[in-house]
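Asks: One line per chain: the protein sequences are A and B, in this order.
Using numbering that gives the first Met the number 0, read the first sequence as starting at 0 and increasing by one per residue.
Using numbering that gives the first Met the number 0, read the second sequence as starting at 0 and increasing by one per residue.
No lab work stands behind these hints: they were computed from the structure.
Glycine included, C-beta positions come from ideal geometry on N, C-alpha and C.
Heads up, some of the hints might be wrong.
Derived DEER-like restraints, expressed as beta-carbon distance ranges [said to hold, decoys possible]:
no., chain 1, residue 1, chain 2, residue 2, range
1, A, Ser82, B, Met294, 57 to 63 Å
2, A, Glu49, B, Asn378, 42 to 48 Å
3, A, Glu70, B, Met428, 50 to 56 Å
4, B, Asp416, A, Gln38, 41 to 47 Å
Some, not all, of what chain A presents toward chain B, calculated at C-beta under 7 Å [what the hints assert, rightly or not]:
no., residue
5, Tyr45
6, Arg46
7, Gly47
8, Val52
9, Phe54
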Amino acid sequence: MKYIVAIIQPGRLSAVHDALMAIGIEGLTTSEVQGYGRQKGKTEVYRGTEYTVNFLPKVKVEVAVDDKQVEGACDAIKSAAESGKIGDGKIFVLDIHSAIRIRTGETGSSAL
Amino acid sequence: MSRFLSLLAIAGFGALLSTPAMAQEMPEHGVFIMNSLLFLFGGVLVMFMACGFCMLEVGLVRAKNTTMQLTKNVALFSIAAIGYYAIGYNLMYPLGSWSVDGILSGVMGVAAMEAVGVAPEAADDLSYASTASDYFFQLMFCAATASIVSGTVAERIKLWPFLLFTLILTALIYPFQASWKWGGGFLDEMGFLDFAGSTVVHSVGGWAALAGALVLGARTGKYRDGRVVPMPGANLPLATLGMFILWLGWFGFNGGSQLAMGTISDVADVSRIFSNTNAAAAGGALVALIMTQLMYKKADLTMVLNGALAGLVSITAEPLTPSLGMATIIGGIGGAIVVFSVPLLDKFKIDDVVGAIPVHLIAGIWGTLAVVITNPDANLGTQVTGIVVVGAFTFIVSWVVWTILKLTVGIRVSEEDELAGLDTAELGMEAYPEFSRQG
Numbered sequence: 000m001k002y003i004v005a006i007i008q009p010g011r012l013s014a015v016h017d018a019l020m021a022i023g024i025e026g027l028t029t030s031e032v033q034g035y036g037r038q039k040g041k042t043e044v045y046r047g048t049e050y051t052v053n054f055l056p057k058v059k060v061e062v063a064v065d066d067k068q069v070e071g072a073c074d075a076i077k078s079a080a081e082s083g084k085i086g087d088g089k090i091f092v093l094d095i096h097s098a099i100r101i102r103t104g105e106t107g108s109s110a111l
Numbered sequence: 000m001s002r003f004l005s006l007l008a009i010a011g012f013g014a015l016l017s018t019p020a021m022a023q024e025m026p027e028h029g030v031f032i033m034n035s036l037l038f039l040f041g042g043v044l045v046m047f048m049a050c051g052f053c054m055l056e057v058g059l060v061r062a063k064n065t066t067m068q069l070t071k072n073v074a075l076f077s078i079a080a081i082g083y084y085a086i087g088y089n090l091m092y093p094l095g096s097w098s099v100d101g102i103l104s105g106v107m108g109v110a111a112m113e114a115v116g117v118a119p120e121a122a123d124d125l126s127y128a129s130t131a132s133d134y135f136f137q138l139m140f141c142a143a144t145a146s147i148v149s150g151t152v153a154e155r156i157k158l159w160p161f162l163l164f165t166l167i168l169t170a171l172i173y174p175f176q177a178s179w180k181w182g183g184g185f186l187d188e189m190g191f192l193d194f195a196g197s198t199v200v201h202s203v204g205g206w207a208a209l210a211g212a213l214v215l216g217a218r219t220g221k222y223r224d225g226r227v228v229p230m231p232g233a234n235l236p237l238a239t240l241g242m243f244i245l246w247l248g249w250f251g252f253n254g255g256s257q258l259a260m261g262t263i264s265d266v267a268d269v270s271r272i273f274s275n276t277n278a279a280a281a282g283g284a285l286v287a288l289i290m291t292q293l294m295y296k297k298a299d300l301t302m303v304l305n306g307a308l309a310g311l312v313s314i315t316a317e318p319l320t321p322s323l324g325m326a327t328i329i330g331g332i333g334g335a336i337v338v339f340s341v342p343l344l345d346k347f348k349i350d351d352v353v354g355a356i357p358v359h360l361i362a363g364i365w366g367t368l369a370v371v372i373t374n375p376d377a378n379l380g381t382q383v384t385g386i387v388v389v390g391a392f393t394f395i396v397s398w399v400v401w402t403i404l405k406l407t408v409g410i411r412v413s414e415e416d417e418l419a420g421l422d423t424a425e426l427g428m429e430a431y432p433e434f435s436r437q438g
C-alpha cells in the first residue's frame, strides 16, 4: 500500500478528482495549504506598497492506494494537474505501514 | 414619518400640488414640515453611514481584530449620542448667545426638545424646522466625525481610552469648532464657506485621527528595516459594502445640509446636491481605478473605495454650485489625492489602517479650497484661514488629549496582545470562532 500526497494548483482539483475517479480510486482527502517550491513567492502591490507573497495557495490531495494502483494514480494526477508552467506542484509517494477501516475493523488493502 | 405625512396633507400640500399653474408659496406650516422632513430623512441616511464606516473598517482590518472594530463602532456611535446631548448641541448652536463673542457659546447644558404635541405658535422656530429634527440631524454629523477616527487607530488601540477620546471629541472638540462656522461664530462672520463639512466634519475627524496615529505609533511590524509591510484587509466584500453605504448616506449628509426644502428653489437645490454628490463619488472612484492601474499595473480595489469616499469628501464643502461635470472633476481630484497620499503617509511612518487621513483630512482640505472654483462668494484667503484655524485647534487639542491618555491610562495594547489580535486579547471573543476552534 502506498500513500500518495500531491500538492497541486487549486484550480486543478476537480480535474484531478475526475481523473482519479475514472481509474477507480475510491476515496481521497484534500486540504487547502500554502507554500512554495522553486516558483518561490510573487510580488504584489497593496495600497501603493510592493510586497512579496511568500506562501502561495495550493491544494493538497492525499490518496491511499493498493500497490498495483500507484502508477496509474500518479499518472492520472500528473496529467490532470499539469499546465506546463512553474508552480504546478509535486507528487510524493510514501509507504503505508498499516490501514484500518474504523467502522468494520478491516485491515490492509481491504481497508482502503 | 407617517405623522409628518398626515400633517403634510392637513397643511394643504395636496391642494398645492393640484394647482401647479398657480405660483404660490408654501404655507408657513408647510415649510416647517418639509424642512423637518428633510432633517429626519437626511438624518436617517447619515445615521446609516455609521454602518458604512463600520463595514469599511471591519473589511480593511485583519480578521483577528474584527470584533474589536465592530465593538468600537457601536460604542462610539452611542457615546456620540451622550456627548452631543449633554454638552455638544448647545455648545455648537448658541443661537446668538455667546459667552465669548463668536468663539464660545453662552448656552451650556443638555439639549432640549420641543414639548410633546407642540402647537405651531409654541414651536421654537416656525419658519425653520422642529428642534428635535435639527438635533437628530446634527447629532449624526457629530457621530460621523467620531467614526472617522476609529479606522485610523485600529488594530492596536485599547478600547476604553479610545472611547474616552470619543467622548471628548463629540462633547467638546467637534461642537466647539463647529460653532465657529455653523453656530454663526467668527469663521461664519468672516465668510468662510463649508456647506456640509469638508472642514468642519471631515478634516476635523482627520486631524483627530492624525494626532491619534502619531501619539499611538504604527502597528507592530508595519515599518520594518526601512520597508513598508502591507497588512491586507480581511474582507473586501464588507469593505465594499461599507463604501456603498457611505455613498448612499452622503446624499443625506450633503442634501440635508441645504437645511431647507419648503420652496421650489430649495427642493431644486437639494436635487442638484444629490446629483453632484453622486457625480463626485463616481469621479473619485474612476480616477483611483485608472491611476492604480497605470501606476501599479493592477487596479487596487481598496484605493478605489478610498477614491470614491475622497470624491464625496471633496464635494462636501460645496455640493450645490458646481455643474455635474465640475463635480465629477472635483471628486476626481479627490481620488487622485488618495492615490498619492496613501503611500506618502507610509513614507512618514504614519500608520493609517483604512486611509481615513487621505480621504477625510487631505481631500477635506482640497474640497474646502475647491469652493472658490464655483462659488463666487468664496474667497481663497478666507477658506485657507478656516482650514488652518480649525486644523490647528483640532490637531493640537487632540494631540494633547491623546498624550494625556497615553501618559495616564495608556492607549496601546501590549505587543503580545497586538500579535494575538485584539479580539481574543482585549475582548476574548472572535468574530468567526468556528473557523479556528474545534467543536
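Asks: Work down the list of hints and note, for each, if the structure agrees.
Replies: Structure-based check of each hint:
1. A:Ser82 / B:Met294: 57 to 63 Å: Between Ser82 (chain A) and Met294 (chain B), where Cβ atoms are some 30 Å apart, the hint is violated.
2. A:Glu49 / B:Asn378: 42 to 48 Å: holds, 43 Å
3. A:Glu70 / B:Met428: 50 to 56 Å: holds, 52 Å
4. B:Asp416 / A:Gln38: 41 to 47 Å: violated, 36 Å
5. Tyr45: With a closest approach of 4 Å, the Tyr45 (chain A) hint holds.
6. Arg46: Cβ of Arg46 (chain A) sits 5 Å from chain B, so the hint holds.
7. Gly47: holds, 4 Å
8. Val52: Status violated, d = 10 Å.
9. Phe54: Cβ of Phe54 (chain A) sits 13 Å from chain B, so the hint is violated.
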